[in-house]
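Participant: The lines below spell out each chain.
2 protein chains.
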Amino acid sequence: MDGILIVMSGFSGAGKGTLLHRLLDDYEDFAFSVSMTTRAPREGEVDGRDYFFVDKEKFEETIRNGGLYEHAQYCGNYYGTPKAYVDEQLKKGKSVILDIEVQGAMQIKEKFPDTLMVFVTPPSIAVLRKRLEGRGTETAEVINKRIDRAKEEVNWMDKYEYIIINDDLDTAVKEMHDIILAQRYQTKRLGTFIDEIKTELKNI
Amino acid sequence: MDGILIVMSGFSGAGKGTLLHRLLDDYEDFAFSVSMTTRAPREGEVDGRDYFFVDKEKFEETIRNGGLYEHAQYCGNYYGTPKAYVDEQLKKGKSVILDIEVQGAMQIKEKFPDTLMVFVTPPSIAVLRKRLEGRGTETAEVINKRIDRAKEEVNWMDKYEYIIINDDLDTAVKEMHDIILAQRYQTKRLGTFIDEIKTELKNI
Chain Y
1001 MDGILIVMSG
1011 FSGAGKGTLL
1021 HRLLDDYEDF
1031 AFSVSMTTRA
1041 PREGEVDGRD
1051 YFFVDKEKFE
1061 ETIRNGGLYE
1071 HAQYCGNYYG
1081 TPKAYVDEQL
1091 KKGKSVILDI
1101 EVQGAMQIKE
1111 KFPDTLMVFV
1121 TPPSIAVLRK
1131 RLEGRGTETA
1141 EVINKRIDRA
1151 KEEVNWMDKY
1161 EYIIINDDLD
1171 TAVKEMHDII
1181 LAQRYQTKRL
1191 GTFIDEIKTE
1201 LKNI
Chain G
1001 MDGILIVMSG
1011 FSGAGKGTLL
1021 HRLLDDYEDF
1031 AFSVSMTTRA
1041 PREGEVDGRD
1051 YFFVDKEKFE
1061 ETIRNGGLYE
1071 HAQYCGNYYG
1081 TPKAYVDEQL
1091 KKGKSVILDI
1101 EVQGAMQIKE
1111 KFPDTLMVFV
1121 TPPSIAVLRK
1131 RLEGRGTETA
1141 EVINKRIDRA
1151 KEEVNWMDKY
1161 EYIIINDDLD
1171 TAVKEMHDII
1181 LAQRYQTKRL
1191 GTFIDEIKTE
1201 LKNI
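Protein chains in written order, with my numbering: chain Y, 1001 to 1204; chain G, 1001 to 1204.
Watch out, some of these pointers could steer you wrong.
No distinction is drawn between identical chains; accordingly, a pair holds when it is met within one copy or between any pair of copies.
What the hints assert, rightly or not - Derived lysine-lysine pairs resembling DSS-like cross-links, with alpha carbons at most 27 angstroms apart:
#1 Lys1151 / Lys1130
#2 Lys1109 / Lys1094
#3 Lys1111 / Lys1145
#4 Lys1058 / Lys1202
#5 Lys1109 / Lys1198
#6 Lys1151 / Lys1202
#7 Lys1092 / Lys1111
#8 Lys1151 / Lys1091
If you're looking for bench data, these hints aren't it; they were derived computationally from the structure.
All chains should be modelled from the sequences, with the hints used to inform the complete structure.
Facilitator: Rendered as structure tokens:
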């Protein structure tokens, strides 16, 4: 069976990144789709692991060549999902996780209606604010910008099939894994099996 | 949170009964909805545990009084789901499993669109036939009747959200449990949480 395409979106500060890394560390059958971006690398970020860092010209060329499954602009930078890696991993039977914001997520859902759509959220906005403040690295202005962004993103929450309320990390990792496991038994992914049973019954 | 309503249907001989009993034995948070029927008890069946055994008059009276969530006729007998027990268990937070055939299942889905619909099947019809023959209790005529019935039921398979291919019992029990766990994180069951987040964001 081919792997499953999984989109994870969520409020900034929901702990999506940590959740994702734990999932990839704890379970073998996943691959993380590395996005392409024109934004500058942050401290500690590695090209090809966290992102493919490219300039605007290279990004726009990739768009023109049809090399991306989705792309969006966010805070003045491009972000996109390169096709080749996703295709390769799915064919190997791995489930591929895309960590993308709502605009890109909707593009993926439209192209691949069977995509598993998961939204990660803190238990409340009060907790979100506390977490962002607790990092100590964000200015009040940046925090307010992220809360403003959450005000837009919340309207897309019900376009996702599942919501992970990330209160405790271990629980959230397990929940995410339960959700992914359950996908394998979905009728819409078992079309071939149903056809085989139908054929067998017809020939009796 | 209220419990979830779960409908399990499947081909006769798919091992649905055994699967169901293992699920109830292994996990605490489920209740089994005991159906009402006009058919005679089989060897070893207990009234109130396996079925509520009633006569035709009593069954039809219960229909008239609106006491059933669904009912259907199957091989000349009535089968139905009494409302009171289901309501009571759901309110306690238990998930209630209904073991019903396709006609009744569709009535439940129409009344309660959020019902989790699971279809249990053997890995092939060849295996189904082997299992039915292996019981040693069924005549060739009865076995052929069940295969004929499967020919009708197969057309309803894609009305169910999930399919359990019951090859190995332990695996099937675990799969069923994975599916039920994942339901808790479905967006459609988290309307209250989403509303709370929206209200919090509006008041900032």
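Participant: At 27 angstroms max between alpha carbons, let me know whether Lys1109 reaches Lys1198 within a copy, between copies, both or neither.
Facilitator: Classified as between: cross-chain Cα gap 23 angstroms, same-chain 30 angstroms, threshold 27 angstroms.
Participant: For Lys1151 vs Lys1091, is the C-alpha pair at or below 27 angstroms within one copy, between two copies, both, or neither?
Facilitator: Intra 37 angstroms, inter 34 angstroms, cutoff 27 angstroms: neither.
Participant: I want to check one pair: Lys1109 and Lys1094. Are their C-alpha atoms no more than 27 angstroms apart within a copy, between two copies, both, or neither?
Facilitator: within (19 angstroms within a copy, 33 angstroms between copies)
Participant: Between the shortest in-copy and the shortest cross-copy C-alpha distance, which are at most 27 angstroms for Lys1151 and Lys1202: within, between, both, or neither?
Facilitator: Intra 54 angstroms, inter 8 angstroms, cutoff 27 angstroms: inter-copy only.
Participant: State whether the alpha carbon distance between Lys1151 and Lys1130 is at most 27 angstroms within one copy, between copies, both, or neither.
Facilitator: Answer is within: at 17 angstroms inside a copy they meet the 27 angstroms cutoff, but 58 angstroms across does not.
Participant: For the identical chains here, do Lys1058 and Lys1202 meet the 27 angstroms Cα criterion within one copy, between copies, both, or neither?
Facilitator: neither (55 angstroms within a copy, 40 angstroms between copies)
Participant: Given identical chains, is Lys1111 near Lys1145, meaning Cα to Cα at most 27 angstroms, within a copy, between copies, both, or neither?
Facilitator: neither (30 angstroms within a copy, 44 angstroms between copies)
Participant: Quick one: Lys1092 to Lys1111, C-alpha cut-off 27 angstroms, is that within a copy, between copies, both, or neither?
Facilitator: Within one copy only: 20 angstroms inside a chain, 41 angstroms across chains, cut-off 27 angstroms.
Checked against the numbered hints above, the structure breaks hints 3, 4 and 8 and satisfies the rest.
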